[in-house]
Amino acid sequence: MENQKFYYDNKIVKLFILATLVWGVVGILVGILAAAQLAFPVFNFGLEYTTFGRVRPLHTNAIIFAFVGNAIFAGVYYSMQKLLKTRMFSDTLSKIHFWGWQTIIVLAAVTLLAGITTSKEYAELEWPIDIMITIIWVIFGWNMIGTLIVRRVQHIYAAIWWYLATFLGVAILHVVNSFELPISLFKSYSIYAGAQDAVVQWWYGHNAVAFFLTTPFLGLMYYYLPKAANRPIYSYKLSIIHFWSLIFLYMWAGPHHLLYQALPEWAQALGVTFSIMLIAPSWGGMINGLLTLRGAWDKVRDSAALKFLVVGVTAYGMSTFEGPMMSLKTVNQITHFTDWTIAHVHIAGMGWNGGLVFGMLYWLVPKLFKSKLFSEKLANIHFWMSTLAILLYAIPLYWAAVTQWLMWQEYTPEGFLAYPNFLETLTQIVPMYMVRVVAGLLFLGGFLIMVFNLAKTMKAGSFINNEASEAPALVLAGKRNAVKETFHRWMERRAVRFSIWTFVALSIGGAVEIIPMIFIKSNVPTLESVTPYTPLELEGRDIYVAEGCYVCHSQMVRPFRWETDRYGEYSKIGEFVYDYPFQWGSRRTGPDLARAGVIGGPMYKNAAWHYNHFMDPQKMNEESIMPNYAWLAVKNVDVTMTPKKIRAMQTLGVPYEEGYDQKAVADLMAQAQTISDDLKASGIELAPEKQMIALIAYLHKLGRDIMSENAAVTEEHGETAEQPTHEITLLNTPEDLEAGKKLYQANCVVCHGPEGKGIPPAFPSLVDDEWIKGNKPADVYHSIAEGNVAKGMIPYKNMLSEKQITQLASYVLITLHEQNQEK
Amino acid sequence: MKIVSDLLTSIEGIQIFYIIGLLIFVVLFIVITIRTMRMPDKEMENIKNSILADGESEEITTSN
Chain A
1 MENQKFYYDN KIVKLFILAT LVWGVVGILV GILAAAQLAF PVFNFGLEYT
51 TFGRVRPLHT NAIIFAFVGN AIFAGVYYSM QKLLKTRMFS DTLSKIHFWG
101 WQTIIVLAAV TLLAGITTSK EYAELEWPID IMITIIWVIF GWNMIGTLIV
151 RRVQHIYAAI WWYLATFLGV AILHVVNSFE LPISLFKSYS IYAGAQDAVV
201 QWWYGHNAVA FFLTTPFLGL MYYYLPKAAN RPIYSYKLSI IHFWSLIFLY
251 MWAGPHHLLY QALPEWAQAL GVTFSIMLIA PSWGGMINGL LTLRGAWDKV
301 RDSAALKFLV VGVTAYGMST FEGPMMSLKT VNQITHFTDW TIAHVHIAGM
351 GWNGGLVFGM LYWLVPKLFK SKLFSEKLAN IHFWMSTLAI LLYAIPLYWA
401 AVTQWLMWQE YTPEGFLAYP NFLETLTQIV PMYMVRVVAG LLFLGGFLIM
451 VFNLAKTMKA GSFINNEASE APALVLAGKR NAVKETFHRW MERRAVRFSI
501 WTFVALSIGG AVEIIPMIFI KSNVPTLESV TPYTPLELEG RDIYVAEGCY
551 VCHSQMVRPF RWETDRYGEY SKIGEFVYDY PFQWGSRRTG PDLARAGVIG
601 GPMYKNAAWH YNHFMDPQKM NEESIMPNYA WLAVKNVDVT MTPKKIRAMQ
651 TLGVPYEEGY DQKAVADLMA QAQTISDDLK ASGIELAPEK QMIALIAYLH
701 KLGRDIMSEN AAVTEEHGET AEQPTHEITL LNTPEDLEAG KKLYQANCVV
751 CHGPEGKGIP PAFPSLVDDE WIKGNKPADV YHSIAEGNVA KGMIPYKNML
801 SEKQITQLAS YVLITLHEQN QEK
Chain B
1001 MKIVSDLLTS IEGIQIFYII GLLIFVVLFI VITIRTMRMP DKEMENIKNS
1051 ILADGESEEI TTSN
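Protein chains in written order, with the numbering used here: chain A, 1 to 823; chain B, 1001 to 1064.
If you are wondering where the hints come from, they were derived from the structure by calculation, not from laboratory data.
All values reported here derive from a predicted model rather than from experimental measurement.
Using N, Cα and C, we set each Cβ at its ideal position, and we do this for glycine too.
It is possible that some hints are incorrect.
[What the hints assert, rightly or not] Below, computed lysine-lysine pairings styled on BS3-like, alpha-carbon distance capped at 25 Å:
#1 85/A / 1042/B
#2 741/A / 757/A
#3 459/A / 1042/B
#4 370/A / 237/A
#5 329/A / 85/A
#6 1042/B / 82/A
[Unchecked claim] If you want a taste of the chain A side facing chain B, the calculated C-beta under 7 Å gives, among others:
#7 7
#8 155
#9 266
#10 270
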């Protein structure tokens, strides 16, 4: 048979490698910034563009789509050509793919920092960029399938099945999750609402992990691990079974992100079962990888590339065991909303994805540049730095997760929450956040050493853009010969047919999960009392989305006593029917806000409090790590868009009356005026058009529609029913005063200040001679126990015991008073 | 879409999806496993080694 001459396209591989290195540094730097912000809020820089709510999505997108994305493409473009013994199908497609992808990354960075976001995690980009992604992705797939068709080998090797599954999986996910209704170039609403949106989003979110961070990497593993070790993969049969089970099972597991949340039981059960089943195929992959190295561990000792690959595969095994465990409802209770999830994804991200990318680069760059690695020693230093960084990152965060969870649910013997102030549970773990910054710096240090090492290697070597090779042409395979050929072998020889089967396997899971959720009404029972957002609240909600408040705050009270005591009634599925998109959140860095509008509930804060808090959270409470949002008092709401937004909501099925878009702006201004007036009564001047007014209106809407009857206290009559005041004797022992001080600092300083001076006139001084309610011990006891919810004073009788309230009254009237006299 | 919606709404007990899903998987899994196990080992060896023999790797260790 005659040999054909052809050239491998090495240049495109080099470009993707360079992009991997550049975006890797950027992504890690942004990650370190985000970590620093959680440890020291000054790193939010008081600028809207650099607050944590915007920086965190930038970090996740930069790592997943820029760093990991480019690394995948580098690995795929190199290995596909070698495996199929052909040049990529089209140089033009390769180039468009490369430059298109980099453009998307730059646009993503700019828009995310500008607050242009859909708020759907790992799919935050707005619709024009979504369309670009679709086009570039199709180009990638086209190029890939084209290459398969012009190949010079019969058999399509395992690695390539995974690449194909990646292409198809991501395409399906991206399209389904990105259905949105554009309002302008920079704003759109998800077409799904509330619980449905949540199911679609986490089906996407989970499978983005599967088809962007798992399947392409398994493909890379099946090529680069055997190549680097120079031994064939352990079992090819295992790889076939492992492939089909994994791609089939993954698509079903999404709801494990929504356990105990407002989702039908059947969907939760589905998510749990399939997540557990996923252990098997995942471990199939890990075992196949590790056993490839059996009897060759001496090679691992000598090669940094192999070391990274081994750590990568091991981390994969750990994460894919941990993930299913986290899907068990009892475990999920702990891991969800805490830092556990963050630790989990970083073991997977830094260990599995990082390890495989680093291992691949240490092997591939010398190969491409026809030289030896500049320094094996530096590569080993990188290896140890990055392994240490992973441990230093994960262990403190696991610790933080468990600590915070234990504190959230700890009760005093009297039956009250031991830490009613959320912030106490956070302050406890902030030291862990400082360690995390160190871990990030260590990981970055190692990465930079690698960049240096690879740059030196590139310099020393010689690079050929088009590398010559030759291979016999592919003899076209005839009809399936049922006797000689097994079914799978026959199928995989035909790339297109193979793709279709993969597509079918992928679709079944997604369809079974999503279709019933969207089309079956009984899955989303409606609640009579839930009304659509007013125009002002809607604008406020859009600000909430743009600022990324959902990054730190959940809006989902789970049905546990320790959550309902802290926040209020648990969340019901019918509450969210007008939420485009949903805002349930995934990590509670700050307290849950689902009940922020329930007057008389534990979470309600009045407008003056919100104003002061947004202007400077650290003034309200030194230990808070919430960024300040002072510019919200400067920037105006853009009401020109309001009618259009109302019309869009009507299109999506929100029952505003016919022609309401015309009245919306007037309604908006009227409601804004009442909040502005309310603030004025507390001595705060804030014009009604300011964004902060809209945000306050939104926060006050949260949970208000389902406010239970007995908690309902109208704004006019702020006080709960008069209780007969009984006599109180102050407790003046040092122990009681010390206990009073602790309680005061945990619960009261946010409004009354550490010395009791308050923020008059909104929050009264407790140490001057003017008393609204009187300063007899019984009066003060009464003020604390019964509160005045309309004015913003919380009724503490549901949160603290009688003794504790007496201790507080004593602390206020004795200690604080004395301190003040001395001055 | 309306038809689909009505059709699905009428299904008794939505758990059926759960059961269908598991069934499809189990059946497919058994079929794929049996078919795969019956593939000749020799053929598997050839495929496995083919990626190493691309004229570039120095020497190949096939100590399987």
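A closest beta-carbon separation below 7 Å is what the hint needs, so does residue 155/A meet it against chain B?
Holds - the Cβ of residue 155/A comes within 7 Å of chain B, reaching about 6 Å at its closest.
Taking 7 Å as the limit, does the beta-carbon of residue 7/A come near enough to a beta-carbon in chain B?
At 15 Å from the nearest chain B Cβ, residue 7/A fails the 7 Å test, so the hint is violated.
Residue 459/A and residue 1042/B were given as a pair; does the straight-line alpha-carbon distance stay at or below 25 Å?
violated, 43 Å
Does residue 85/A sit within 25 Å of residue 329/A, going by the straight-line distance between their CA atoms?
Distance ~49 Å between residue 329/A and residue 85/A Cα, so the pair is violated.
Taking only the CA atoms, is the gap from residue 85/A to residue 1042/B under or equal to 25 Å?
Roughly 22 Å between the alpha carbons, so the hint for residue 85/A and residue 1042/B holds.
Chain B contact restraint on residue 270/A - CB to CB distance below 7 Å
Where the cut-off is 7 Å and the nearest Cβ of chain B is about 5 Å from residue 270/A, the hint holds.
Taking only the CA atoms, is the gap from residue 1042/B to residue 82/A under or equal to 25 Å?
Since the Cα atoms of residue 1042/B and residue 82/A sit roughly 23 Å apart, the hinted pair holds (cutoff 25 Å).
Given the hint that residue 741/A pairs with residue 757/A, does the C-alpha gap stay at or below 25 Å?
holds, 15 Å
Could you grab the alpha-carbon distance between residue 370/A and residue 237/A and see if it respects the 25 Å cut-off?
Given pair residue 370/A, residue 237/A is violated - Cα atoms ~34 Å apart, limit 25 Å.
A closest beta-carbon separation below 7 Å is what the hint needs, so does residue 266/A meet it against chain B?
With a minimum Cβ separation of about 5 Å from chain B (threshold 7 Å), the hint on residue 266/A holds.
Taken one by one, the earlier hints fail for this structure at numbers 3, 4, 5, 7, listed in ascending order.
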